[in-house]
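Chemist: Given chain A, work out where chain B should sit, using these hints.
Protein chains in written order, with numbering that gives the first Met the number 0: chain A, 0 to 148; chain B, 0 to 149.
Treat the hints as calculated values from the structure; they're not laboratory data. Hints are not guaranteed to be accurate.
[Stated by the list, open to error] With the C-beta cut set under 10 Å, the calculated list includes, among others, these residues of chain A facing chain B:
| id | residue |
| --- | --- |
| 1 | 68 |
| 2 | 76 |
| 3 | 104 |
| 4 | 105 |
| 5 | 122 |
| 6 | 132 |
| 7 | 142 |
[Stated by the list, open to error] Below 20 Å or equal to it, Euclidean Cα-Cα: the simulated SDA-like pairs (lysine to any residue) are:
| id | chain 1 | residue 1 | chain 2 | residue 2 |
| --- | --- | --- | --- | --- |
| 8 | B | 46 | B | 69 |
| 9 | A | 73 | B | 108 |
| 10 | B | 112 | B | 99 |
| 11 | B | 133 | A | 30 |
| 12 | B | 133 | A | 85 |
| 13 | B | 76 | B | 47 |
| 14 | B | 112 | B | 87 |
| 15 | A | 117 | A | 85 |
| 16 | B | 133 | A | 27 |
| 17 | B | 112 | A | 67 |
| 18 | B | 26 | A | 60 |
| 19 | A | 81 | A | 40 |
| 20 | B | 133 | A | 100 |
| 21 | B | 46 | B | 108 |
| 22 | B | 68 | A | 73 |
| 23 | A | 73 | B | 94 |
| 24 | B | 110 | A | 67 |
| 25 | B | 68 | B | 138 |
| 26 | B | 68 | A | 93 |
| 27 | B | 68 | A | 81 |
| 28 | B | 26 | A | 40 |
[Said to hold, decoys possible] Residues on chain A that point at chain B, a partial pick, calculated with CB under 8 Å:
| id | residue |
| --- | --- |
| 29 | 95 |
| 30 | 123 |
| 31 | 126 |
| 32 | 128 |
| 33 | 136 |
| 34 | 140 |
| 35 | 143 |
| 36 | 147 |
Quantities reported herein were computed from a predicted structural model and do not represent experimental measurements. Where a beta carbon is used, it is the ideal one built from N, C-alpha and C, also for glycine.
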Amino acid sequence: MRAVIKILASVALLFVLVTLAFSQASDESSARARVLALEHAWNQAEVFKDMKALDALFDNALVYVDYDGSLLTKAEFLAHVKSAHIDQVITESMTVEVFNNTAVVSGIYRATEIEHGKPVVRRGRFVDTWVFRGSTWVCVAAQATPILH
Amino acid sequence: MKVIAPLVLLLSLSSVASVAQDDNTTKSKIVALEQLWNQAYKAGDTKALDTILDNGIVLVNDDGSVQTKAEFLASVKESQNEPASQQQQVAPESLNVHIFNTTAIATGVLKVKGIENGKPYTRRERFIDTWVYKGGTWVCVATDATPVLH
Chain A
0 MRAVIKILAS VALLFVLVTL AFSQASDESS ARARVLALEH AWNQAEVFKD MKALDALFDN
60 ALVYVDYDGS LLTKAEFLAH VKSAHIDQVI TESMTVEVFN NTAVVSGIYR ATEIEHGKPV
120 VRRGRFVDTW VFRGSTWVCV AAQATPILH
Chain B
0 MKVIAPLVLL LSLSSVASVA QDDNTTKSKI VALEQLWNQA YKAGDTKALD TILDNGIVLV
60 NDDGSVQTKA EFLASVKESQ NEPASQQQQV APESLNVHIF NTTAIATGVL KVKGIENGKP
120 YTRRERFIDT WVYKGGTWVC VATDATPVLH
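Extracted from the complex, chain A is given alone in its bound form (with noise of 0.2 Å):
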């Protein structure tokens, strides 16, 4: 009788670890998905000036390293944007690695600006930082580095 308690305990026990593995790898999935699509948003409304949708994907405590090392808050980068004129945002390639509650999402994104009446373009590898807080996921560190490899 000890023998099946102890048997059925092993398998009750093995369950619930392999529901839990699922639960935390389809969570993980979801997470990278749920990530992945934000960042999309993002080049998205950077080129359309969709400056609502880019103050719901920034916490306000953003912290923002631009290509030339400039330090900006959020709301200095919204102002950028806003005067800035992005003819393009490309994600070359993105990975995320998910950490419980936090994202990194890492990757090469090219942009095009004009300044001046000429297009700029610069290559870059970006860094960001998401956290998932109450029901969403908010960026809370970007930064970008120009490739010059």
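Modeler: Just chain B now, kept in the frame of chain A:
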């Protein structure tokens, strides 16, 4: 009822104060880890670096290249054999930490010196390090550096 409301208020205030103290404690911890990183890099202490960097860390160098943790540690070890080639990091000019529950964002400016094509250089870099509280400890899961051009 008259006693309960102030008690609830007191408990709420205590909770807020506790969170603030927790945030301050966390900030101090992250600052200490950043200093440890700086010291370990200078000393070529790959063992110390191994403990504070997550195995899946996203590491972007100031030229836009990426390294895995293993590649980064190997480069630190190699530079100990060739000190002249090592990029030296001077202490951070500035360091700020933002806490988002179990995520900490450390940002600052670092002055680095090195030799490139036989010529010495000094430049400033702005970095963002992302730390996550995992398994009872804080580990860095992402680091990126951008040369300050302005």
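Chemist: Is residue 76/B close enough to residue 47/B, meaning Cα to Cα at most 20 Å?
Modeler: Given pair residue 76/B, residue 47/B holds - Cα atoms ~12 Å apart, limit 20 Å.
Chemist: Quick one, is the residue 123/A hint okay against chain B at 8 Å, beta carbons?
Modeler: Check passed: Cβ of residue 123/A comes within 6 Å of chain B, closer than 8 Å.
Chemist: Let me know if the C-beta of residue 132/A comes in closer than 10 Å to any C-beta of chain B, holds or violated.
Modeler: 7 Å, holds
Chemist: Straight-line Cα separation of residue 112/B and residue 99/B no greater than 20 Å?
Modeler: 33 Å, violated
Chemist: Assess, step by step, whether the Cα of residue 133/B is no farther than 20 Å from the Cα of residue 100/A, and give holds or violated.
Modeler: 11 Å, holds
Chemist: Is the straight-line distance between the alpha-carbon of residue 110/B and that of residue 67/A 20 Å or less?
Modeler: 15 Å, holds
Chemist: Next pair to validate is residue 46/B with residue 108/B; report whether the Cα-Cα distance is within 20 Å.
Modeler: Given pair residue 46/B, residue 108/B is violated - Cα atoms ~25 Å apart, limit 20 Å.
Chemist: CA of residue 26/B to CA of residue 60/A, is that 20 Å or under?
Modeler: Given that 20 Å is the threshold and the Cα spacing comes to 15 Å, the pair holds.
Chemist: With the threshold set at 20 Å, check whether the alpha-carbon distance from residue 112/B to residue 67/A stays at or below it.
Modeler: Holds, at roughly 19 Å.
Chemist: Checking hints one by one. Is residue 76/A an interface residue toward chain B, by the C-beta closer than 10 Å rule?
Modeler: 14 Å, violated
Chemist: Take the shortest C-beta to C-beta distance between residue 136/A and chain B; is it under 8 Å?
Modeler: 12 Å, violated
Chemist: Is the interface hint for residue 104/A satisfied, with its Cβ closer than 10 Å to some Cβ of chain B?
Modeler: For residue 104/A, the interface hint holds, since the closest Cβ of chain B sits about 9 Å away, which is under 10 Å.
Of the hints listed earlier, those the structure fails to meet are numbers 2, 10, 12, 21, 22, 27, 28, 29, 33, in rising order.
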